[in-house]
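Required output: the full structure, derived from the provided sequences and hints.
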Amino acid sequence: MRRLRALWEWMDRRLQLAAPIVDMARHRVPRSTASWAYVFGSVTLVLFLLQIVTGVCLALTYVPSAAGAWSSLQTLNHDVPAGWFLRAMHFWGSTFMVGVLLVHMAQVFLFGAFKYPRELTWMFGVILLLCTLGMAFTGQVLRFDQDAYWGIGIGASIMGRIPLIGASLVHLLLGGPIIAGDTLSRFFALHVFIVPGLLLTFAALHVWMVLKLGINEWPMPGRVVTRERYVREYEELTRKDGIPFVPDAFQKDLTAAGLVVLAVIACAAFFGPYGPSGPPDPTIVRANPRPDFFFLWLYAALSLLPRDLETPLLLTAPVIGLALIFLLPLYSGVGEKHWSRRPLSVLGVLFVGVVFAALTWYAEKTPWSPHMDAWSGDPLPARYLKSRSPLERQGALVLQGKQCRNCHALDGAGGQRGPALDEVATRLTEDELIRQVLQGGGNMPAYAKNLSPPEVTALVAFLETLRGEHLAPARDPAQLELRKATAASPAQP
Amino acid sequence: MDNDVARPPSRRLALLRVGLVLNSAAAILLGIPLVRYFVTPGKKRVMHEDHAWVTLGAIDQFPEGETRLATFRNPFRRPWDGATSDIPCWVRHLSGEKFQVFAINCAHLGCPVHWFPQSALFLCPCHGGAYYQDGSLAAGPPPRGLFEYRYKVEHGELAILAGRLPTLAESA
Chain A
139 MRRLRALWEW MDRRLQLAAP IVDMARHRVP RSTASWAYVF GSVTLVLFLL
189 QIVTGVCLAL TYVPSAAGAW SSLQTLNHDV PAGWFLRAMH FWGSTFMVGV
239 LLVHMAQVFL FGAFKYPREL TWMFGVILLL CTLGMAFTGQ VLRFDQDAYW
289 GIGIGASIMG RIPLIGASLV HLLLGGPIIA GDTLSRFFAL HVFIVPGLLL
339 TFAALHVWMV LKLGINEWPM PGRVVTRERY VREYEELTRK DGIPFVPDAF
389 QKDLTAAGLV VLAVIACAAF FGPYGPSGPP DPTIVRANPR PDFFFLWLYA
439 ALSLLPRDLE TPLLLTAPVI GLALIFLLPL YSGVGEKHWS RRPLSVLGVL
489 FVGVVFAALT WYAEKTPWSP HMDAWSGDPL PARYLKSRSP LERQGALVLQ
539 GKQCRNCHAL DGAGGQRGPA LDEVATRLTE DELIRQVLQG GGNMPAYAKN
589 LSPPEVTALV AFLETLRGEH LAPARDPAQL ELRKATAASP AQP
Chain B
18 MDNDVARPPS RRLALLRVGL VLNSAAAILL GIPLVRYFVT PGKKRVMHED
68 HAWVTLGAID QFPEGETRLA TFRNPFRRPW DGATSDIPCW VRHLSGEKFQ
118 VFAINCAHLG CPVHWFPQSA LFLCPCHGGA YYQDGSLAAG PPPRGLFEYR
168 YKVEHGELAI LAGRLPTLAE SA
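Listed in order, the protein sequences are those of chains A and B. Per the working numbering, residue 139 is the first one in the first sequence, and the count goes up by one each step. Per the working numbering, residue 18 is the first one in the second sequence, and the count goes up by one each step.
Mixed in with the good hints there might be a few duds.
Unchecked claim - Quick look at which bits of chain A chain B covers, simulated, 3 or more residues with Cβ under 8 Å:
(1) 291-302
(2) 306-312
(3) 603-614
Unchecked claim - In silico BS3-like links for lysine-lysine, alpha-carbon gap of 30 Å or less:
(4) A:Lys350 <-> A:Lys378
(5) A:Lys390 <-> A:Lys350
(6) B:Lys60 <-> A:Lys390
(7) B:Lys169 <-> B:Lys60
(8) A:Lys587 <-> B:Lys60
(9) B:Lys115 <-> B:Lys60
Keep in mind that the hints were calculated from the coordinates and are not lab data. Ideal placement from N, C-alpha and C gives every residue a C-beta, glycine not left out.
So this is what it looks like as structure tokens:
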């Protein structure tokens, strides 16, 4: 023990690090900051370090080439001892990192920690958020499977919508005219060198500012931030009612980090690694690309935007949204910090949370995607064919054979792109059914060129029988009026 | 011993200027090729040379009146491209030497469209874009019909002008 101590003293006479580290550890912070609400930043940092460790380990086996990446992941999953576990740790670590980062951001926002003098800390935090999402996307590309291949295509297609420089940006993103070997090399450099470099730099500056400016005190309603008094008040608070950061406040950070890393290990061990899905072979066209969890909300939003608004919204909304978040401390840098005095901010967080959750849930169900196999895979419910005329049964065959079920469900089975047809005859009259089938409209293609007149007659005859349980068929109000009028005056000459 | 402080400032710091000039020159000399290297894929001149004629094979593989999947090899493939160097497309043989060759990529966000001969529709699995057999938009979010390759028939073979990912900025 004494020898170890002597060795350390010998080293530190040269290193000169002990004194600044002790100073940093013992620096006083307001008592109120030793709270569970304040642990998310440090947990994010720990998760980032964990990602570096598992990422470096994966790089020992991973082959960053379009020809070899996918099979090297198979090797990691199946051949290399604990390879699957490292992949799982890296995937679950990234999921937790994005999640905890968002909680950290919401907490900082609700506690007004972005206000004077911590404006730049917030702005660098926003850059860190973007870098983390960049890591999530590039990491998904490095998994170089079917989803990754078509995912890059989605990214390129979004970029291609930018006016004037769109084409150049697509080529820059892909490292060439098309998704190929150079694309993966590019994303590898981004994921392993460029973005992590940015993350390390900005994370260091972010933590440096937290140390220098002090941890945001627990906000109180009515305690208003002003540029003139704040720093003095904060210093007084830490002097009068302060505690050393280590160990008093640090103990909760340490506990939380331990718990979260254990949770990552549990998820990795229990759920295992994610993917890779099918090989990145574009000639396998029966792919069903899905983005990773963090981008599902975007995937859902892209199905919901009206066609004419899509490009303008895609190009402006992210810029405006990011500018609003990034510049937040510049237009809201002083004043009340407490959430009870900032109802709009609370509403904003709730709104964003609900929108993200709803879109993600929606993207899990993908009701907008046709079910490509429904026409051949989902049988027609037998009761819909009971005591039906030959014409109506022929119509049922047309319905299956022309793949209507890919978009329309019957008895809960089939696509959800169009409305379920179980009660269609209660909504549309015969004439309306014919018109809808022939001309389409409202997101339905027109089938006039692809159905013969007998097929249309049979199909509509079958659709006419779909009325649910004891429901009246749809009637044409004009016809109804006409019938009433003739019934009321039977004695007309 | 330390005479530096005593010297007049202009001479004492003369090397500082030299150093700054040398390093600026180095930064520029290094920076120009670096930036060029980085932006080359997006340069206009390079982009105009990014497609070439590739053959899809003999035209009798494509029965008249039908739409079939064909694949071609990326004309600019590199040895390490792996499976990504073979690219699919949909070939519709109208009659004689009249064809339509559609890109696999949906005009909405580039996902692979599937052809359904029974309903004569192309359907996209991502967001439900639908196209008629002639590639025109039938329903869903795409802002236009399917991208079409330029084609020619030579010596009984169908060739298309291909090599880049079709997007709204640059069609096939």
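Structure-based check of each hint:
no.	hint	result
1	291-302	holds (count 9)
2	306-312	holds (count 6)
3	603-614	violated (count 0)
4	A:Lys350 <-> A:Lys378	holds (18 Å)
5	A:Lys390 <-> A:Lys350	holds (21 Å)
6	B:Lys60 <-> A:Lys390	violated (53 Å)
7	B:Lys169 <-> B:Lys60	holds (28 Å)
8	A:Lys587 <-> B:Lys60	violated (44 Å)
9	B:Lys115 <-> B:Lys60	violated (34 Å)
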